[in-house]
Amino acid sequence: MFDIVADIKKDFIVNLLRSKKRVDNRAFDEYRPIVVEPGVSEKAEGSSLVKIGNTQVMVGVKLAIGEPFSDMPDLGVMMTNAELNPLASPRFEKGPPDEDTIELSRVVDRVIRESKCIELEKLCITEGEEVWIVFIDAHILDYDGNLFDATALGAISALRNTRFPKVEDGRIIYSEKTDKKLPVVDRPVETTFAKIGKDIVLDPVLDEELVLDARITIGTNEKGDICAMQKGGDGTFTQEEIIDLVNKSREKSEELRKLV
Amino acid sequence: MFDIVADIKKDFIVNLLRSKKRVDNRAFDEYRPIVVEPGVSEKAEGSSLVKIGNTQVMVGVKLAIGEPFSDMPDLGVMMTNAELNPLASPRFEKGPPDEDTIELSRVVDRVIRESKCIELEKLCITEGEEVWIVFIDAHILDYDGNLFDATALGAISALRNTRFPKVEDGRIIYSEKTDKKLPVVDRPVETTFAKIGKDIVLDPVLDEELVLDARITIGTNEKGDICAMQKGGDGTFTQEEIIDLVNKSREKSEELRKLV
Amino acid sequence: MFDIVADIKKDFIVNLLRSKKRVDNRAFDEYRPIVVEPGVSEKAEGSSLVKIGNTQVMVGVKLAIGEPFSDMPDLGVMMTNAELNPLASPRFEKGPPDEDTIELSRVVDRVIRESKCIELEKLCITEGEEVWIVFIDAHILDYDGNLFDATALGAISALRNTRFPKVEDGRIIYSEKTDKKLPVVDRPVETTFAKIGKDIVLDPVLDEELVLDARITIGTNEKGDICAMQKGGDGTFTQEEIIDLVNKSREKSEELRKLV
Amino acid sequence: MKIGEPEKFIIDGKRLDGRKPGELRKVKIEVGVLKKADGSAYVEWGGNKVLAACYGPREVHPKHLARADRAILRCTYSMAPFSVTDRKRPGPDRRSIEISKVTRQALEPVVFTNLFPRTAIDVFIEILQAQAGTRCTGIVAASMALADAGIPMRNLVPACAAGKVGGEIVLDLSDVEDNFGEADLPVAIVPQKDEVTLIQMDGNFEKGEFEKAFKLAVEGCMKIYEIQKEALKKRYGGA
Amino acid sequence: MKIGEPEKFIIDGKRLDGRKPGELRKVKIEVGVLKKADGSAYVEWGGNKVLAACYGPREVHPKHLARADRAILRCTYSMAPFSVTDRKRPGPDRRSIEISKVTRQALEPVVFTNLFPRTAIDVFIEILQAQAGTRCTGIVAASMALADAGIPMRNLVPACAAGKVGGEIVLDLSDVEDNFGEADLPVAIVPQKDEVTLIQMDGNFEKGEFEKAFKLAVEGCMKIYEIQKEALKKRYGGA
Amino acid sequence: MKIGEPEKFIIDGKRLDGRKPGELRKVKIEVGVLKKADGSAYVEWGGNKVLAACYGPREVHPKHLARADRAILRCTYSMAPFSVTDRKRPGPDRRSIEISKVTRQALEPVVFTNLFPRTAIDVFIEILQAQAGTRCTGIVAASMALADAGIPMRNLVPACAAGKVGGEIVLDLSDVEDNFGEADLPVAIVPQKDEVTLIQMDGNFEKGEFEKAFKLAVEGCMKIYEIQKEALKKRYGGA
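These protein sequence lines are chains A, B, C, D, E and F, in that order.
Note that the numbering used here has the first sequence beginning at 1, numbered continuously upward.
Note that the numbering used here has the second sequence beginning at 1001, numbered continuously upward.
Note that the numbering used here has the third sequence beginning at 2001, numbered continuously upward.
Note that the numbering used here has the fourth sequence beginning at 3001, numbered continuously upward.
Note that the numbering used here has the fifth sequence beginning at 4001, numbered continuously upward.
Note that the numbering used here has the sixth sequence beginning at 5001, numbered continuously upward.
Be aware that a few hints might be false.
[Stated by the list, open to error] Among the chain E residues that face chain A by a calculated CB cut under 8 Å, a handful are:
id, residue
1, T4076
2, P4090
3, F4116
4, A4120
[Said to hold, decoys possible] Under the rule of at most 25 Å between Cα atoms (straight-line distance), these lysine-lysine pairs were calculated in the DSS-like manner:
id, chain 1, residue 1, chain 2, residue 2
5, C, K2258, E, K4207
6, B, K1177, B, K1122
7, D, K3035, B, K1051
8, C, K2094, E, K4101
9, A, K181, E, K4088
10, E, K4101, C, K2198
11, D, K3233, A, K198
12, E, K4215, E, K4234
13, A, K198, D, K3193
14, E, K4026, C, K2248
15, D, K3193, A, K248
16, C, K2051, F, K5215
17, B, K1010, D, K3035
18, B, K1248, F, K5215
19, E, K4101, C, K2223
20, A, K116, D, K3212
21, B, K1223, F, K5212
22, F, K5035, B, K1116
23, A, K94, E, K4035
24, F, K5088, C, K2181
25, E, K4035, A, K10
26, C, K2223, E, K4088
27, E, K4028, A, K51
28, A, K116, D, K3008
29, A, K94, D, K3101
30, C, K2094, F, K5035
31, E, K4234, E, K4035
32, D, K3028, B, K1051
33, B, K1166, D, K3193
34, B, K1116, B, K1198
Just so you know, the hints here were simulated from the structure itself, not pulled from any lab data.
Cβ atoms here follow ideal geometry from the backbone N, Cα and C, with glycine treated the same way.
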C-alpha cells in the first residue's frame, strides 16, 4: 500500500502462497485474532480500541451541536476522519493527510453513511438550525496491515457505545453523560482482500500489503446488503473474482459483526 | 514571463523583429485570430471560452448570496480568480497560486472593477445584510502567451452572458435560470504589449513572452477611458513609449470589444 | 537559540565568562541600554518601540469588537502574536511561524495574561455577544538577542498607551481615538538569563544566545509575584540556580518597570 | 425526502430523461484538442464536460520520487469552481484527492511504465461541467489523452457506472438519479482481458442486485470502448 | 467566577478528588506496548492516557537537518481529536508546537546524541485522553519509550507539576484544579544529579510560594521516577 | 457615496490636507537604521512609516533557484498587522504578493545582478504604518537599503504616484484621496535615463488626463530622487 519491497520478498510471498501458505500460517480466508474494547475513553462520548493481530486502531466519537447542511435541514451530520499517526509506523509521516489517509477516511465513512446505521433524522434539534454533529475520529496506533477493516470495526463499535452528554440551556455539559444512546440501528463492517500474484487472501498483514497487486474492500450491513466497495492497488481483478469476493465478504462479515 | 530560454532564441527573435518580422508572421500591432464563445456551460450562471491563437481560457461566473463588505453595505461583491492549470502548460505547476497567477487575477479584476461595468448597487438585496456575490473564475486551458487579454475578454464576455438563477424563500434554485441578466453596462477590455529589444509588439505569443524585456497591459472602457494598467518584466519603457501605447491600446481595444 | 556557531566561538565566550568578562563588557547582571518609545504609530490604538542594545521590537495594539469565548461570556479577549521578520536577521526565514516564533508569542502572552494586567471584565460590551478584542502584535525589527524581555516590555508599554477608538452605532470609527484608556492595572515584565558553561548572565546578546546551554525567562508583576516562567535550551539548571534567579528577576524587573 | 427528490425515477419503463434502464447518455469524444500538452482529449458525456491532458514521459520533480525501473504515473483530477451548482473553492479537496488516486490505479495496469525508467507521466483531468459520473468521464478522457500522447499501452481503459434508482438497476446515472438514487457503482476495465481496474460502490445492493449492476456496468464500459476507438480512428485514421 | 468553578478547592485538608495536598494521582506505566515502534510506552496518570513511541536512530529526512557530530532528537506532542472536551481539530496547533519544543529540551540533556552522528531519534507522544498534566505525562512516557528503544541515556527523566489552588500549594493538579486554580508549575529533572531540564509556570506565586511549589514538584518527580524504574524492571527484569 | 467620503476634495485650490495639487507630502529618509541587515533604510512619507532591509549578495536557498550568470533579486513587501485601520492577519495576502513582484521588477533594471552569479540579493520591506502610497514608499526605501548595502546599481529608483480626485489631477494621494478618489497611478523611474521601471494604474482617466497625471508622477519621482540623494549624502558624506 505504501512502498516497494525487494522483488525477492515478493517472490518469497508469492511462492509461499502458491504452496497454499501465508507468512503467518493463516488460512487464506482467516482473520488474525481480533480484540474489540469499547468504552476506552471518558472524554469521548463513544470510543473503542480495535486490535487485528498487531494492528491497533483507536476510534473516538465526539458529539457537538451545529448547523445542518442546507439541503438536508432535518438531518444530523456525521464526519469521519482518520489519522495515520507517525507513532504507528516508520512508513507514516507528519504533515497534512496524504492520499492514503484520505482514502481510508472516506472508505470508512462510506460504509457507516451508506448503511444508514445512524438514524440521522433523530439528531435534528431545530430543523434548519441546530442538529447534532457526530465526529468519528480514528487514530492508528500500530500499523501491521488492513487498516480498513480495523478502522471500520472501531467506528461502528465506538458509535454503538456513544451516549449523549447532558444539555442545559442549549449548552452541552460534556462532563455529564446521560443514559441516552446514539441511535445506531445497524452494524456495518468492512472486509478486505488482497490479490498477490494469482492468490487472494483475507485480512492482509503488512508484509502482504507491501507486495499486493490489487486490493478490494467490501462493506456490508446486517442484512448482508453491499453498502460500500473500494478497489485499490495497481493490478486488476477478474469479474468472477469480484463476484466471488462479494459473497465471501458476506460470510466473513458475520464473524466481525459478532464482535460489536 | 516564466522562464529563461537560451540567449540564442532571444537573439533570433530580436533579429527577426529588427527586420520587422515576428515568429508567426504577424504585424507588430496585430492580434492573433480571436474566437469568443459565450454560454459554454450550463452549470455556471455565465460563461465564455476565449481563444487567442492557441491560447485558450474558459471563464465561468457563479452567483451566490452573501454579506456585503461592512464599508459598502449597499453594494454587491465581485471576486476574480484565475488558475494557471498544469493541464495548460508544462510551465505551470500544481500547488497554491504563485505570483504570476495572483498578478493575472488582480490585473483582470482591476479592469472589471474600475470600469464599473457591473452595477454593484443593483446587487443589493437587503442593505448591510444580503447582497449578490459575483464569482469570476478563469481557467487557463492552453497557454501560448497573452493570458491578460484572453482572460479579461473571457471575463467580460461571461459577465454579459450571466443570468440570475431563480430565488425561492431566500434560497437559490440554481437549476432554474431566469431571464434576468446581470446588470453589465460597459465592455472593458485589456490589451497587452511586449517590448523585446527596442521593438514593441501587440499580443505576444509564448515564445515572445519568454524573451521580452518589458510588458504593459492597458485596460480601457467603451468611452476609451483608461481603467487599469500594469507594467511587467525586468526591463523598462520610455515615457514616450508608454504614452504611445496608451493611444494604441484605445484603438486596438475597439477590435476586441466588437467580439463581445 | 537558533543555530550552531563553531566550538571555537563557544570556547572563547566560555573562557571570557570564566574570567568574569562578557563579549560586550557588561556585568553579568546588567542590561544593555534600554530605550522605550511609546506612541510610535497613529494607526494602532497603542504602540511602542523598544530597543535593548541593538535589538529592536515594535509592538502595536489593535482593538476590535467580536464574540467572547463561550466559557468566559463576560470577559474581553486578548491575543498575542509575534513575527520573527526576515528583515531583522539573516537567521529568520519567510514562511509560517516556527517553534521559536510560537514560543516567543506564547511566553509573552503568558506574562500579560497571568498578571491580569488588562481588566478583561471591563471589556465586555454585551455579555455573551460582544466584547472588545485586544490584538497585541510584536514585530521584531533588529535581532541581537533577548527577544523575550524586549517583546514583553514593548507589549506592556503599548498596552498602557492604548486608547479606545470612537464607537458609533456599534461601528468603530478608527480614525477618531477617544481619551479613554485601555484599563491596564499592572506592569508585568520579563527578565531572561542565559547559562553558558557554569556562568549565568542577564540579557544575553545574540552571540551569547548562540552558545548558551540553558535559558530561563521569568515574568513578574508589580508586587513581585511570579506570573510566568519558561526554561529553554538543551542544558539544565540546578534547583538553587533557579531559586536564585527568581529572586534576581524580582530585582531586575524593577529596573525595567521604571521604563514604562 | 431530500429537497428536490423526485417521486418516481422510472415511469413506463423510461427514466426521467427518457432513457431506457440500460441506455447510456450521449457521449462525444474528441482527441488532440490542446496544443501545449503532449496528448489531450475532450469528452462530453451527458452534461459532463471534461478535458484531459497528458505530459510525459518527462523529468521527475521532486527527484526523489523517480523510480529506477519504471516511469511514475501521476493523475490529478480537479474541478473548475464553476463546474458545479455551488461554486467550488479552488484547490484540491478530499474527494478530488481520492478520485485522483483511484484514477491512477485504474490506468496503471495498462501503461507500459517499465519502458521509461526515471521519468514521470502526468495526466491532468479538469472537470469543466459536472453532471454525475465525472470520475468515469475523467478516466475515459485520461485514457484518450495518454493514447494521444503516444504513451505505449496494452489497451484503452473505458469506464462506466451502473446504479440503482427506485429499486431498479440502471446504467449510467444522471444527476438526479445520482443525488437521490440508492446505489452507484463505477467500474473501469481492460476490454477483452477480463480485468477490472476500478470498482467503487456506495449505497445499497441486496443480494443479486450487485451482480446484475456489475455486469451492466461492464457492458457500459464496452459501449464506451467502441466510442473511444471511433474517436481515435477519426483522429488518426485506422485500419 | 468562570462557569463550573468550584467554591472551595480544599475541604478539611482534602482536595476535591480526595487527595492530600502533596499526593499524586494514580500512575500506571507500561513499556513496549507497540510492535512497530523501536520503543514505546503507555502511561495512565489520573485521567490522562498517553502513548509514546520512539523510532531511531534512523536516517534523517530532510537530509540538511542532519548533524555531523550527533543525532538530532525530535519530539512531537499531539492530541487526539477525541482526547479533550471540545473536539480538537486534527493537526498541530500553537500549544502543541510549544510543548513539543520544551519536551525535546527536557529530554535532550540525558540522551547521548553524540553516539549516533547523522541520524535522527524521533519521539511521538499521542494524548489519547487529557485531564490536566498532559505535558508531564508525555515527558514521562517519552522517556520510557526512549529507554525501551535502547537509546543510551544518562538517566530517565521524570516530570511532575505542582500548583496553587485556593491559596494552597498542592502537587499534581487535577482537571478542575488546573482550570480554576491560581498557578501551575510543571518541572522535569534528571534524578540524583540536581538538574532541572524543564520548568514552566503560569499563574501567580507570591514570594515564598514559588520555592515551596518548586520543591514539591521536584519531590513529585522523584516519586514518578520510582514508578518509572519499577515499570522498566517489570518489563526487563532488573537487579 | 461610500461611508466617510468627503463632499469635496479641493477647496480654493487646496487639498483637504492643505497641499497644492502638485505638492508632495512630507518625506523623511534615514539610511543605515538596522544593525543586522547588510543595508537598511527608514522612510516616513506623509503618514507612511516604512522600513527596508537588504541582505546579500548571499547564498541561495533553495539552491535550484540560483542562476549561473547572475544574482537573483528577491523582494518581499509585508504589512505589520497594526499598520492599517482593520488589523491585518499576519502572513502574505494576494495584494502583498503582487506588490512584491512589481517592486522587484521596479528595482531589477538598475541592479548589476550579473556581478554576483549564483547568489541572492534579498530585500525586505516592512510597512509599519500605512497611509496611501505604501508601494512607492517601499520602493524608495528598498532602493536606499540596496545602496546602503553597497550593491552596485546604475542609479537609485525613486517612485511616486499621481492621481485624480474630484476631477483634478494631483500628486501623491493622501489616505482619503486614495480611498475615495477616481484614479491612482504609481510610477517608478530611473532618473536621467527616461526609463520607467514601474507603472500601474486603477480608476478612470479620460483622454488627456492620463498623460497629465503620468508627467506629474514623473516630476514627483524627480523630487523624491533629490531627497534620496540628500539622505545618502547625509549618511556617507558626498561630493
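Hint by hint, here is what the structure shows:
1. Given hint, T4076 of chain E at the interface with chain A, holds; its Cβ is 6 Å from that chain's nearest Cβ, closer than 8 Å.
2. At about 6 Å, the closest approach between the beta carbon of P4090 of chain E and any beta carbon in chain A falls short of 8 Å, and the interface hint on this residue holds.
3. About 16 Å separates the beta-carbon of F4116 of chain E from the nearest beta-carbon of chain A, more than 8 Å, and the hint is not met.
4. Taking 8 Å as the C-beta cut-off, the interface hint given for A4120 of chain E is violated, the closest approach to chain A being about 11 Å.
5. Proximity of K2258 of chain C to K4207 of chain E is assessed by CA-CA distance (about 21 Å); at most 25 Å being required, the pair is judged to hold.
6. Distance check on the hinted pair: K1177 of chain B and K1122 of chain B sit about 18 Å apart at the alpha-carbon level, within 25 Å; holds.
7. For the proposed pair K3035 of chain D and K1051 of chain B, the alpha carbon gap of about 12 Å is at most 25 Å, so the pair holds.
8. This hinted pair checks out: K2094 of chain C and K4101 of chain E have alpha carbons roughly 20 Å apart, not beyond 25 Å.
9. Taking the CA atoms of K181 of chain A and K4088 of chain E, the gap is near 23 Å; set against the 25 Å cutoff, the hint holds.
10. Using a Cα cut-off of 25 Å, the hinted pair K4101 of chain E and K2198 of chain C holds, with the two alpha carbons roughly 23 Å apart.
11. For the given pair, K3233 of chain D sits about 35 Å from K198 of chain A by alpha-carbon distance, which is inconsistent with the 25 Å threshold.
12. About 29 Å separates the Cα atoms of K4215 of chain E and K4234 of chain E, which puts this hinted pair outside 25 Å; it is violated.
13. Taking the CA atoms of K198 of chain A and K3193 of chain D, the gap is near 15 Å; set against the 25 Å cutoff, the hint holds.
14. Pair hint K4026 of chain E plus K2248 of chain C does not hold up; C-alpha atoms about 37 Å apart against a cutoff of 25 Å.
15. Only pairs whose Cα atoms come within 25 Å are accepted, and K3193 of chain D paired with K248 of chain A is accepted, the gap being roughly 24 Å.
16. About 42 Å separates the Cα atoms of K2051 of chain C and K5215 of chain F, which puts this hinted pair outside 25 Å; it is violated.
17. Of the supplied pair hints, the one linking K1010 of chain B and K3035 of chain D holds, its CA atoms being roughly 22 Å apart against a limit of 25 Å.
18. Distance check on the hinted pair: K1248 of chain B and K5215 of chain F sit about 19 Å apart at the alpha-carbon level, within 25 Å; holds.
19. The hinted pair formed by K4101 of chain E and K2223 of chain C fails the criterion: a straight-line CA distance of about 31 Å is larger than 25 Å.
20. Proposed proximity of K116 of chain A and K3212 of chain D is supported: the alpha carbons are some 23 Å apart, at most 25 Å.
21. A hinted pair counts as satisfied when its Cα atoms are at most 25 Å apart, and K1223 of chain B with K5212 of chain F qualifies at roughly 18 Å.
22. This hinted pair does not check out: K5035 of chain F and K1116 of chain B have alpha carbons roughly 48 Å apart, beyond 25 Å.
23. A C-alpha spacing of about 19 Å is found between K94 of chain A and K4035 of chain E, which places the hinted pair at or below 25 Å, so the restraint holds.
24. For a cut-off of 25 Å, the pair hint linking K5088 of chain F to K2181 of chain C stands: about 23 Å separates their Cα positions.
25. Pair hint K4035 of chain E plus K10 of chain A holds up; C-alpha atoms about 22 Å apart against a cutoff of 25 Å.
26. A threshold of 25 Å between alpha carbons decides the hint, and for K2223 of chain C with K4088 of chain E the separation of about 37 Å lies outside it, so the pair is violated.
27. For the proposed pair K4028 of chain E and K51 of chain A, the alpha carbon gap of about 21 Å is at most 25 Å, so the pair holds.
28. Restraint check: the Cα-Cα separation between K116 of chain A and K3008 of chain D comes to about 21 Å, which is no more than 25 Å; the hinted pair holds.
29. As the CA atoms of K94 of chain A and K3101 of chain D are separated by approximately 20 Å, the hinted pair is consistent with the 25 Å bound.
30. Between K2094 of chain C and K5035 of chain F the CA atoms are separated by roughly 19 Å; this keeps the pair inside 25 Å, and the hint holds.
31. Between K4234 of chain E and K4035 of chain E the CA atoms are separated by roughly 18 Å; this keeps the pair inside 25 Å, and the hint holds.
32. Distance restraint check for K3028 of chain D and K1051 of chain B: the Cα-Cα separation of roughly 21 Å lies within the 25 Å cut-off, and the hinted pair is therefore satisfied.
33. Between K1166 of chain B and K3193 of chain D, the direct Cα distance comes to roughly 49 Å. Violation of the 25 Å bound is thereby established for this hinted pair.
34. Between K1116 of chain B and K1198 of chain B the CA atoms are separated by roughly 35 Å; this puts the pair beyond 25 Å, and the hint is violated.
Comparing the model with each numbered hint stated earlier shows that hints 3, 4, 11, 12, 14, 16, 19, 22, 26, 33 and 34 do not hold.
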